[in-house]
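Those protein sequences? They're chains A and B, same order as listed.
Take the first sequence: its letter number 217 is residue 217 in this note's numbering, and every next letter is one higher.
Quick note, this note's numbering runs 1000 ahead of the 1-based positions in the second sequence.
One or more hints might be untrue.
To be verified - Here chain A is said to cover these stretches of chain B; the calculated rule only asks that three of the stretch's residues, wherever they fall, bring their Cβ under 8 Å from a Cβ of chain A:
#, region
1, 1080-1087
2, 1093-1101
3, 1184-1196
To be verified - In silico BS3-like links for lysine-lysine, alpha-carbon gap of 25 Å or less:
#, chain 1, residue 1, chain 2, residue 2
4, A, K347, B, K1194
5, B, K1105, B, K1066
6, B, K1178, B, K1066
7, B, K1188, B, K1051
8, B, K1188, A, K96
9, B, K1185, A, K160
10, A, K341, A, K291
11, A, K94, B, K1188
Just so you know, these hints were derived from the structure itself, not from any lab.
The beta carbon of each residue, even a glycine, is placed where N, CA and C say it ideally should be.
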Amino acid sequence: MRHFCFSIRNALGRSLIFIFTGLVLSSCASVGGARLQPEINGLIAAGHVQAAADKIIAPSADYGTGNYVLYHLDRAIVLQLTGDFSASAASLEKAKARYDELYTHSVTNEASTWVVNDNMSPYRPAAYERVLMNVFQAFNYLQMNALNDALVEARDLDAKFPVITDAYAGDRHVFEDNGFARLLCGILYEASGTAADLNDALIAYQQALTVYDAYYGGTYVPPILQDSLIRLAQKFNDPELKQYRARFPDARGDRDRPDAARVYLLESVGFSPVKVSRMIPVPVDDGLVTKMAFPEFVHRTYNVHFSRILLEDAQGHTTGADTQLADDIEGLARKDLEARKAFVLAKAIARPALKYLVERNQKESIEKKHGPLAGELFGLFSSLYNFYTEQADVRSWQALPAQVRVARVQVPAGIYHVRREDLNAAGAVISVQDEGQLQLRPGQTYFLIRRSLQ
Amino acid sequence: MKKTIIVLCFFALGLAGCATEVIRKDTAEVVDLSGRWNDTDARMVAEEMVKGCTDGRWIAQFNKDKGRDPVVIVGTVVNRSHEHINARVFVEDLEMALVNSGKVKFVADKGARTEVREERADQQENAAAATRARLVQETGADYMLQGSINSVKDETRGQYVIMFQANLELVDLTTNEKVWIGQKKIKKVVKRPKYSM
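With the rest of the complex left out, here is chain B:
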């Protein structure tokens, strides 16, 4: 009887350990669950590449030629990898890094502009004259940041190595000249055990 009670107690403890667990994590903490591209990868790549971009010689040259900060717009980042990557998340990380750099001015992309223009047009009809945003006063971008995310995967039974490569280019919107090219690679090794209990 005593043995039975002890066994039942251990059983109950074991079951208690099987309950759903929720752990809050800092958003800056690296958590890799599956080897797939994740929020940490997007943030790391965006921050490092924007730093490399804004430290480039082209900024000093632009400041010298024009006497002001360059205006940058983020264009398309194409996913050429073999995973479904939410490129929008990566683009937003790029935009945040650009704004936070303080070295460039940043304007809304094609998608965001549509809504802004609709609001501006609405104001012409409905807002008080003194408070209306004026038409044809948008700041044109000097440069567009475009890029792609690629991947190379090498896999054998139970393990694989995957390398993500993000390529970004800064293109002069007047001359099509590429004034800066950057690349960032992330490599992950994923191992899965063949057997478990």
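With the rest of the complex left out, here is chain A:
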């Protein structure tokens, strides 16, 4: 017994016990909720969408306390992939409603993020995820042929943008507006066809141009946006028309023909990056260790880089277009984390330091009252607690794609056989999907919304 007490006091002995116990505790990762999200997203990445759906809609499925929003975001994407757009829409509405409630921060909850870690706080989607909630909800309604409901999402986005910008202005977070969300609003307003909505479409396209210029530094504007700007600027004799023609000399901006129909392919490609925890161990006195833990995004590979939509008429003539990059979701995610990095790192440093100070004071107090052995034991176990609980917040909407790409085709009204080719980065066709027959009426705008999981 005396020998055992002596080994506790010995710094090496303490370190060994500490490391061993820490490893044992770390391996006992929380079960259930915390493991479900990686399972679901692993199934999606492997293309086993129905299996992911079966898991995520099971009565016992949830992502754990505080992750209600995150659960419903992933659930919405999974259900959208299985074609259950109505249930997907319901999940997104739940996520939106709960997010609104989470505006109110619980003081005790926020305090616990300083005592334990950031995972104690309920998951609040990042600004780019908030915008994408409306985008994917619009996708649901378009696939239910409910253009009017998709327009509701566009109007909600119009109301939401200044609020999000205002919430993050001058703060440690930086909201990157979403060019594709603006472009999609324009597409939806234009599809509506009323005079007021066409005017709103032009404004949305102009806002999209501003955002793309800010994001890409003026080096990239989706060709589909270039065409749309010229097309509508012509329609309204907008004073910016000359400027658009000069800036986009290759854009045709063909007017919409009254006897023609338009087909949009809105394709989600790849997989958004996932956060992993990076750890830096920090030695403290007496051979014990604490750590700083912070999140970092890791890229997930995918093969399909763009797609081609092909419409073949009864005479065998084929009209097609390749999808163009419209939304770099991976880039937005990385920018969002980068913008918050300073705060995340500062908290990752401050919290273990704070915990260590509290621990040291308590240890001294216990030593005085109960003797050195009690103090040492307290020090050992509280250090274990501090080490184990210092976990990075690696939560994110993992079911999102890496990109959204758009293609637009204008064809005379009639019956077409539609095919979609998926191509890799080298331009080689990886797969061909038969999208069946499509009957297009004059003036109709048809939306084909797909997700590539290869």
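Given chain A, work out where chain B should sit, using these hints.
This is chain B only, laid out in the frame that chain A set:
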């Protein structure tokens, strides 16, 4: 020990207060939970606007010209707001208010007519001749009530003001003349606290 028992009792009482509670409310009672468009808004707007419509000069003129009550059909009410509003609920409230006004006759809309016509066609084949509803005897509407629901939202951190504006028009189905135009606005202010315990 005594202190422990007292604490446990308070704890138990507190837990008892956390049970799910169901309270029945009168359907006419106003309950605003979230600031979104709700059943009270639909009912209030429908009742007030139909009253304004049926009090209009066009009814007296019609009665004088035709010697009977006008026949009205409810057309499309388009949702142009930024919330998903069940326009069907609003349309049904409009229909109820029209019927209850007693000043107009009201006929089934496009959706309801399909089922009625199917039943009538079925009766021609299957019902006794004396009991069959006759074909080509529908009452044509004189006017169609159409409209839209719009919204304007002003939001800043933690609070927003939202104004819903319902616009309705009564259109003469023969001449396309708009004989009545009405508008009703509802404004709501929603505040959310930044912090709670």
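Going through the hints against the structure:
no., hint, in the structure
1, 1080-1087, "holds (count 5)"
2, 1093-1101, "violated (count 0)"
3, 1184-1196, "holds (count 5)"
4, K347(A) to K1194(B), "21 Å, holds"
5, K1105(B) to K1066(B), "14 Å, holds"
6, K1178(B) to K1066(B), "18 Å, holds"
7, K1188(B) to K1051(B), "23 Å, holds"
8, K1188(B) to K96(A), "20 Å, holds"
9, K1185(B) to K160(A), "22 Å, holds"
10, K341(A) to K291(A), "17 Å, holds"
11, K94(A) to K1188(B), "22 Å, holds"
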